[in-house]
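**Student:** These protein sequences, in sequence, are chains A and B. Just so you know, we're using our numbering here: the first sequence kicks off at 1 and counts up by one. Just so you know, we're using our numbering here: the second sequence kicks off at 1 and counts up by one.
By construction, these hints were calculated from the structure, which means they are not laboratory data. Some clues are possibly wrong.
[Stated by the list, open to error] Partner residues aside, some chain B positions facing chain A, computed with beta carbon under 10 Å:
#1 S6
#2 A33
#3 D34
#4 K36
#5 L136
#6 E282
#7 A307
#8 S313
Owing to the predicted nature of the structure, the values given are computational and were not obtained by experimental measurement. Heads up, the beta-carbon is just placed ideally off N, CA and C, and yes, glycines get one too.
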Amino acid sequence: MTLATCEDRDTDELRAFRLKAREWMAGRLPPRIPGQPYMDWTDKELVAADRRTQRILWDGGLAGITVPKEYGGLGLTRQHETVFGEEAAPYRLAWHLGNNYNIVQPVLLAHGTEEQKHKYIPRMLNGDHIWAQMTSEPSGGSDLFGLITRAEKRGDKWYINGSKIWTTGGEDSDMGLCLARTDPTLPKHQGLTMFMVEMHQPGMTVRPLTLVNGTQDFCQEFLDDVEASEDNIVGEINGGWAVATTQLAAERSATSRGWYIGVGASLPRERIEIASHPVKLAHELGLAETQRARQIVGEVIALEALRELVAQRASKGIDAGTLPPTTGGVASLASSTLNQRASELMTELAGPCGVTGPADGGEPEQGMDRVWLFRIGGGSAEMLRNTISERHLGLPREPGPGKDVPFNQLRTNAAS
Amino acid sequence: MDVVLSENQTLLQQATRRFVEQEHPVVQTRRLADAKAAFPAETWTQCAAQGWVALFVPEQHGGMAGEAEGAVDAAIVAEELGRQVFAGPFASNAVAAFAIANAGSDAQRAQFLPGLASGEMQAAWCFAGTGPQAGLEPGALTVSDNRFSGSAGFVENGANAGLLLVTARDGQGLSQFVIPADHPGVSVEPLRSLDLGRGYATVRFDGVSVDNGALLGQSGAPGGNFERQLQLALVLQCAETIGLIDRAFEFTLEWVRQRHAFGRPIGSFQALKHRLADHTAEFEAAKAAVAYAAKAVHSSASDAAIAVSIAKSQCGKQGVEIIRDCVQMHGGIGLTWEHDLHFYLRRAVANQSLLGTPAMHHERIAALAGL
């Protein structure tokens, strides 16, 4: 889809905004460098550059497109943000600050006090603060509301103890949204509270996690009497479940929009795009005339096209109201399943060449996909299957304790 | 079908579902199978009166092609027919009508299209060979000087059709003919079919000689018309498989909600729920592929060939996977003759294997991608 057809959809007002954004961006924003990752928290210079980019947007009056004006934003619509993203295609935006605009801003706008919104949102928009989400714990990720990190009030301060994990960019974050248990005598959903915590303080130890592919984008935090004041509570005490529900919905919504503003993950294409990587690999390996190789190449092309088609169908149907919103999860499961199958086939195609490579090169690509591609991040595939079977297909829940039982009577993975 | 339908398409879908549920539910297919009887010719004229074949026939010959969105509308019909494992000869007649409307002379159109549209005439398409690799390409039939020989395999509706659409190799190109099934030198040998609701035949041509009036379009032509007919046949096959899955999945969901074991509905066990979620995801991808392919075929889009092969890849494989697992989730009852599930599974397996297996379509995709 070309820029011209995007513009055809514009109202006069959107078109004016587009032209203004286009003119302003030229020469001000850093160019997008092909091959550069959207996010790499080990590249400290890139993280710092993203903060500067956010500052440039703020100074130019283009930060926080959908954020209300009273909190420093532009107070415009999601369509303006889309137009902005389309115009930003040649540039790199402040992608390391994704939690700020995708997660924390919507959470604070929905649940924060006026004082909290005035205090924190402008500092997100001007690049001063990078925010982290401290959600999962070593004791469990899928059973999010079974978390065991505790917060206790002593005097007029709250003190948080426990551990969080899978925190994207934890080491470089200034603030964190941290869900903790404040009353273990209540059933598990009811005894939680959402805190905003300063990441750089005594008692907070942040350690990067190295994953099997060598990346270090996630961290684990150890909280040892980490302090928070009453003003740092978002929503009600013991009302953290409602805040976290908004947070999770914001995450799902951002993920379905493509997470990184300006990357345009879901622009519809006119015709099927034929994946070139299997064709290229078959040629490189001299397998172009082999029947099994040709079958694999065709199937991988089919699988990649199906991922695109199912995503387009879901978004079109949800927008038109002919498919329920839960179809988004169905498309997401389909995409990861099809992707897994494609990677399995690519590994088969490469054979021994997929598990070895030049001594000075990177990990052998096709084999590494089998080692690395799993469906865990953003909720495991098993949780997604529960959601689909219960909310999309209307099947009954698996019975279990929990809803009415005080949390301290449930068995957990707490160290005893 | 597509998630956004026109008003006419919604009406077509609803009317077809009502008609098939009332007049031709799966039990009718069972009755024909138990009686080992062919689909009655007079019943087909009642079905054709619904306007199904007429979707490809121009108004002047008794059809409504001008108002229809050909392959897209026909796919809507095929999906509804799949939901009841309909036994009548829709695809074979639709493809023949499409071919004649597309390439026929005025005389051929006037001679055949009204009868195909009304259902009084039935056609079958002979093109594939007879071996395990047959299904995607014109096979063993060769023609020279309007005389042809050879055997066409896996001819859907071959035993009941009065009219044969024949595609044969002619030098470097292809020639197509429309001839009566009782033409001298033509013999039809019915086959036993796994699909209890649909008959196939081997049609032998023993030095069949035809005059120029039988030629459809140019002789020795490039394969464009053949390819478009094949694409339509594949879209209808895939859309039918979507209908099969849709209905089998519906009554499986109903079953796992009602059936209790160990004191609770079996649909509350993750061992079943997770599989049903996986099937939902694969099914959604299949629906997306067929809806896209139907549109691409109707508009002769540049990616129509690859689109139908992608649809066949997914529908062929998942139709069988999903319906097999529906049987599994029903337990022993699913293996009984009296349960309808085996009619669905039989057709899904047949649809997977006919008009090119998924593996053959994968090779076709690779070739289309330039490998």
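**Student:** Could you tell me which of the numbered hints above are not met by this structure, giving the numbers in increasing order?
**Tutor:** Per hint list: 1, 2, 3, 4 and 5 violated.
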